[in-house]
Every structure is written in structure tokens, then in C-alpha cells.
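Trainee: So you can see what is in the structure, the chains are spelled out below.
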Amino acid sequence: MAANNFRHALFCAFITLIISYPIIGFNLEAQGINVTLTGADASTIVMVLLAALIVFLFQMFREQIMGGLKSIPHPLPQSNKEPMAENRRAKIESWVLTGIVIFALFWPFLVSRGSVDLATLVLIYIMLALGLNVVVGLAGLLDLGYVAFYAVGAYTFALLSQYTGISFWLALPIGALLAALFGLVLGFPVLRLRGDYLAIVTLGFGEIIRILLNNWTTLTGGPNGIGGIPDPTLFGMEFGRRVKEEGNTSFHETFGIAYSGEHKVIFLYLIALVLAVFTALVIRRFMRMPVGRAWEALREDEIAARSLGLSRTAVKLSAFTIGAFFAGFAGTVFASKQGFISPESFVFLESAIILAIVVLGGMGSQIGVVLAAIAVTILPELAREFSEYRMLIFGAAMVLMMVWRPQGLMPMRRIHIELKRQE
Amino acid sequence: MLEVQNLSMRFGGLLAVDEVSLDVQEHEIVSIIGPNGAGKTTVFNCMSGFYKPTGGKILFEGREVQGKPDYKISRLGMVRTFQHVRLFSQMTVVENLLVAQHRHLNTNLISGLIKTPSYRTKEQKSLDRAAYWLDRVGLLDLANREAGNLAYGQQRRLEIARCMVTEPKLLMLDEPAAGLNPAETKELNQLIVSLKEDYNVSVVLIEHDMSLVMDISDRINVINQGRPLASGTPEEIRQNDDVIKAYLGEA
Numbered sequence: 001m002a003a004n005n006f007r008h009a010l011f012c013a014f015i016t017l018i019i020s021y022p023i024i025g026f027n028l029e030a031q032g033i034n035v036t037l038t039g040a041d042a043s044t045i046v047m048v049l050l051a052a053l054i055v056f057l058f059q060m061f062r063e064q065i066m067g068g069l070k071s072i073p074h075p076l077p078q079s080n081k082e083p084m085a086e087n088r089r090a091k092i093e094s095w096v097l098t099g100i101v102i103f104a105l106f107w108p109f110l111v112s113r114g115s116v117d118l119a120t121l122v123l124i125y126i127m128l129a130l131g132l133n134v135v136v137g138l139a140g141l142l143d144l145g146y147v148a149f150y151a152v153g154a155y156t157f158a159l160l161s162q163y164t165g166i167s168f169w170l171a172l173p174i175g176a177l178l179a180a181l182f183g184l185v186l187g188f189p190v191l192r193l194r195g196d197y198l199a200i201v202t203l204g205f206g207e208i209i210r211i212l213l214n215n216w217t218t219l220t221g222g223p224n225g226i227g228g229i230p231d232p233t234l235f236g237m238e239f240g241r242r243v244k245e246e247g248n249t250s251f252h253e254t255f256g257i258a259y260s261g262e263h264k265v266i267f268l269y270l271i272a273l274v275l276a277v278f279t280a281l282v283i284r285r286f287m288r289m290p291v292g293r294a295w296e297a298l299r300e301d302e303i304a305a306r307s308l309g310l311s312r313t314a315v316k317l318s319a320f321t322i323g324a325f326f327a328g329f330a331g332t333v334f335a336s337k338q339g340f341i342s343p344e345s346f347v348f349l350e351s352a353i354i355l356a357i358v359v360l361g362g363m364g365s366q367i368g369v370v371l372a373a374i375a376v377t378i379l380p381e382l383a384r385e386f387s388e389y390r391m392l393i394f395g396a397a398m399v400l401m402m403v404w405r406p407q408g409l410m411p412m413r414r415i416h417i418e419l420k421r422q423e
Numbered sequence: 001m002l003e004v005q006n007l008s009m010r011f012g013g014l015l016a017v018d019e020v021s022l023d024v025q026e027h028e029i030v031s032i033i034g035p036n037g038a039g040k041t042t043v044f045n046c047m048s049g050f051y052k053p054t055g056g057k058i059l060f061e062g063r064e065v066q067g068k069p070d071y072k073i074s075r076l077g078m079v080r081t082f083q084h085v086r087l088f089s090q091m092t093v094v095e096n097l098l099v100a101q102h103r104h105l106n107t108n109l110i111s112g113l114i115k116t117p118s119y120r121t122k123e124q125k126s127l128d129r130a131a132y133w134l135d136r137v138g139l140l141d142l143a144n145r146e147a148g149n150l151a152y153g154q155q156r157r158l159e160i161a162r163c164m165v166t167e168p169k170l171l172m173l174d175e176p177a178a179g180l181n182p183a184e185t186k187e188l189n190q191l192i193v194s195l196k197e198d199y200n201v202s203v204v205l206i207e208h209d210m211s212l213v214m215d216i217s218d219r220i221n222v223i224n225q226g227r228p229l230a231s232g233t234p235e236e237i238r239q240n241d242d243v244i245k246a247y248l249g250e251a
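So the sequence lines, in the order shown, correspond to chains A and B.
Position one of the first sequence corresponds to residue 1 (the working numbering), numbered consecutively onward.
Position one of the second sequence corresponds to residue 1 (the working numbering), numbered consecutively onward.
Simulated from the structure, these hints should not be mistaken for laboratory data.
In this text the structure is predicted, and so the values were computed from the model without any measurement.
Among the hints, erroneous ones may be present.
Which bits of chain B does chain A cover? Going by a derived footprint, with three or more residues having C-beta under 8 Å, they are [stated by the list, open to error]:
hint, region
1, 108-114
2, 129-137
3, 140-151
All C-beta atoms, glycine included, are put in the ideal place defined by N, C-alpha and C.
Please model the entire structure based on the sequences and the hints provided.
Mentor: As C-alpha cells, then:
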């Protein structure tokens, strides 16, 4: 056993060496027109060796270390206690949630413009993650191309505003419906696939949309993207310094207050908040409706679900379409917030991050997903100093999370249904 | 009400079911028995639409149903259970029964979102039906448990209840007594008889437990190596030489 362990640890350390040495230990330097390869200085080599040593030690004493991790008290100390009475818990939960939403309404007036901007982004991710939660968490369909629907929503608004001058409020439902339509159309051919195959095909579809946007230069402007996307208006009041469109008034003049760039940011934040709450409520209703139960039944046991008269295609398509619908929502808000979009905003990494949020939060759990969306969006901002290592930290956090709490931050709780005895 | 005519099912070179015929009248319990690997479950899979039979006809209430998709067959009123219990194990017991009533309350999304009165009535009705059947199989107190955490015998009963809330005309049970102790088997026996007597459901039964089969069947079909061997009342089957040979081996 010990010898085996030693060999394994040695092997891991060796792997660390051959991976990290060429990457970190050599530098390419331009000298005039030539590029020369120089070795790194002594301190870097020492660091590489140190890293190998750490890997060696960790693998050598892996059992003990992991055992130690387990003995750390559980992150939720109450998890072993008797659960609260169902109706009391539901009541407290709804009070807390209402409180959070009310707090979120007033919050932007207390903090800086930068944090409001970031919070808007968080809300967009919350919408996306809640939508993907339907597809992955509830229906159990691994969708790696979710960002495509986000792109459809964003580009719908951008293109329509560019060619027809449509307003944000009209674009919002159109973008969402068009994204849903894409979900429906893309869903048809792929939904007979399952598991890994489905993941690969959706990944492909996601890339197709992005590449199409990138290459259809005449329509979408290709990699140059589309700019000048209008901001949302409040009953015909614009938030810019000067009114851009005939017939509109400007917000600061109507109310006789000094112009401030913050108004627009806060307004966008509030729109995103309302839409995110709307998304959460609608999906929450869906989860308690026959369609939501059908999604879960299909995830749990497809054969049993079919034997009870559930049509596989209809159920899966509904999940796919509804998920896409909310991605379209998020996309429209995103386009309006940025004022400029390009295919670069819709790369595979975005899909991966949204998926990570869902997994991290706990599949199917709405509160968990919201928490995870906040964590995943804000943590990288806080860790700006180590910007180069952000993905590394992100990855490490994911691994730790999966070891420690594989069911996610807040695993899904089943709703409690009271039944009366029938005579 | 159900008529299976010369059903054949071929998997590549293997003829799993060869010209099997059987029929089920209303208000009747018909059993299919046979040694392991005889093709009983394959017959079931063809009847419930999981397999598309390579030959023969299946008529349900005069309509040809062979080759129809499984969910359509189930909507016609032919519902089955499985040899290995297949519950939605992470969902609660009630939710399992609610899923099964999907067809009854297939309202559109909007009416559910805003909870129209008709949606509420339907939802309440399905809850009542679920409560009734849970009470009937003795699981009402466990209604909000996760189905996967139930004891095996309870899971078996839940599976039958889940079929019954769909209000089937014909119930197909694939080895419902497998893994049950004698007391549970006896309860099951009473339950199946009551399904027939009180709820007017016909039952097709695959079973190895001979005491159960002989007790409750009106008629028995014996299949051996994919071929029909004999059919008749329990008394006739008990005395049939071919059947005894197939079960005990050639002496």
C-alpha cells in the first residue's frame, strides 16, 4: 500500500514537472526580428520544483488530508438538526425572500455606480442560470450551447434597433420569443439524443450560432459587432443628457433634477431586478405545475414516464423552449446594458460558466442557483488582483466544492403537499 | 378487450417470441407464466409499445395498437408496471402519483401560471385521487417521503397505485410479487383481486409465484422458449403434461 502510494505520488510530481516546466520555465523573447528561447531564472525553477514537491506531498498523504477535510465541521451546522415544521419554514422563507427583494430595490441608491453595474450583470446571470436550471437541473438535459439563446436575444434587439429603430420594451418580448423559437427548432433534431451525445450536439449548435454571427458580416457586422443599441426608456423618457429620438423627453428635465449618468445605470438595474424576479416566480410556478413535474419525471426515469403516457418529445421540447425564452430575456437586457455587442460575448466559456452556476448552486434549486450566480460573478471581480489566476482559482473552488458538497450550495427541497384522507 | 394474434419478435438472429396469441376479456385476470427467458417480458414490451413487434397483431378494444408509441398506448388505457420497480425516486410519493395524472390535467401553461379556477379544480381533483389511492395501498402517511426511500414492498405498491391513478382499463403487472415476503404477497393478492372486483380493471400478470398465479388467475398462458405451450384455467394448466415437463425438465 505504502509503496503503491509512493509510486503514485512520484508519478504525479513528475507529471507536474513536465507540464509546468516547459510552460513557465522557458521564455520566448523577441530580439529584433528573431525570437530566442531563454531559460527562466533560478527563482522560477525553484518555484516549479516546489510545486512538484507540494503535489508529491499531497498525493503521498492524500488519505490523511482528505480525512482532515472531512473532520472540518459541516458548513451548515444545523444540517443535522430536526427540520422545522414545513409550513413554518415556508412562511419564514417567503418573508426572507420578500425582504431581500425589497432591500435589492433600495440598494442601488446607497452604493457606487460601479457596484450597481456589476449587480446588473449578476442579475443577468441569475436570469440565465434560472433558465438553464430548467433544462439541466429539472429536465436533466445537459445543454452546453445555452449561450446561443442568450445571443439570439441580444442580437434580436441589436439588429431590430439598428434596422427598424425598435425600442427596448418592444424588443424584450420579441427577443425572448425568438430565442424560444430557436430553442424549439434546435430542440427538434437533438432531443432524441441523450446524455453525452446531447451535450456534444448542443455544444455544436451553440458554436454554429456564434460563428454565424461572426461571419455574416453584411447583416451582423461580424466581429465588429453592433453598437449604438438604445437604452431603455421610462414611459418615453430617455436617460441620456440629450434626447435622441423625436417625441421623447428626458428623465432629468421632466423631473427638474440635474443630469446624472447614474440614473440610467440604476434604471437598468431595476429593470433587470424586476425581470429576474419575474423569471424566478414564473419558473417556480412551472415547477409546481404538471409540466414541471413531467420534466423531473423524465429526468428520473424516462421509460417509466413514457409508460404513464408522457410524450418524451413534448416534455423535453417544453423544457428547452422555456429555458431558451428566459435566455432571450437576459440577452435583451445585456444588449441594452452594454450598448454594444459582438460575438465575443457569446463564447463557449459563457455556457460553461452558466452551467457551473447551476451545478454549484444545486441542480433544480432556485435559491441555490441565485446564490451561486452572485458568488460566481462577484468573486472574480473581487479577485481582480490575481487576474491571471482567476480561472485557476475558479477551477480549484469548483473541485473543492464537488469534494465537500457535491449536491451544491443549497440542494433542491421537495415541496410538501398536504393531503386529506378520502372517504 | 385485448387480443394478441400470432405475435412475433425477432432480435437479429434470435426469435424471442414466436407466434404467441392470447386474449383478455373484460373483468378478467390472465397470467403469463413460463421459465426464465421464455419471452414473457418481451411480450409485455410489445404490448406496451416499447418494442415494435416484427409480426402479428395486437388489438385493444378492436383497434390495432402494435407499433404505436408507448405513451399513446398508455393513454388508451393499457398501463404497465416493471419487473424492476421504476419509480421517480427523487420525487415524493404524491408527486409520483401526480405525474401519472399528467394526461388528466394537461392544461395549458398560462392557465396554470395564473391559477385559473378550472386549473385549481383539476389540481385538487388529482390530489384527491392521489390521496384516495395512497390510502388504498396504505401509503398515505408516507405521502411526502421521497419515493426512493420507501421499503421495497411499499415501492411495489406505489407503482401499482401510480398505474391506477391513470384510470386504466387494462393493467399489466410484470412480476409484482418479486422480492416480496409471504405476508406482502398475500396483501398483493388481495389488492389485485380487488382491482378487478371493485374497479373493473382487467389484469395481465407475469409471475413466478405459482401460489399467487393459481389463486387469482382466471386463465393462464404458458410460454416456453418464445412459443406458446398451453393455455387454460389454472386447473387445466396444473394437470398439463407439457407444462410439467417444461417446468421440471424432461424426466
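Trainee: Hints first: check each against the structure and report whether it holds.
Mentor: A quick look at each hint next to the structure:
{"no.": "1", "hint": "108-114", "in the structure": "holds (count 3)"}
{"no.": "2", "hint": "129-137", "in the structure": "holds (count 5)"}
{"no.": "3", "hint": "140-151", "in the structure": "holds (count 4)"}
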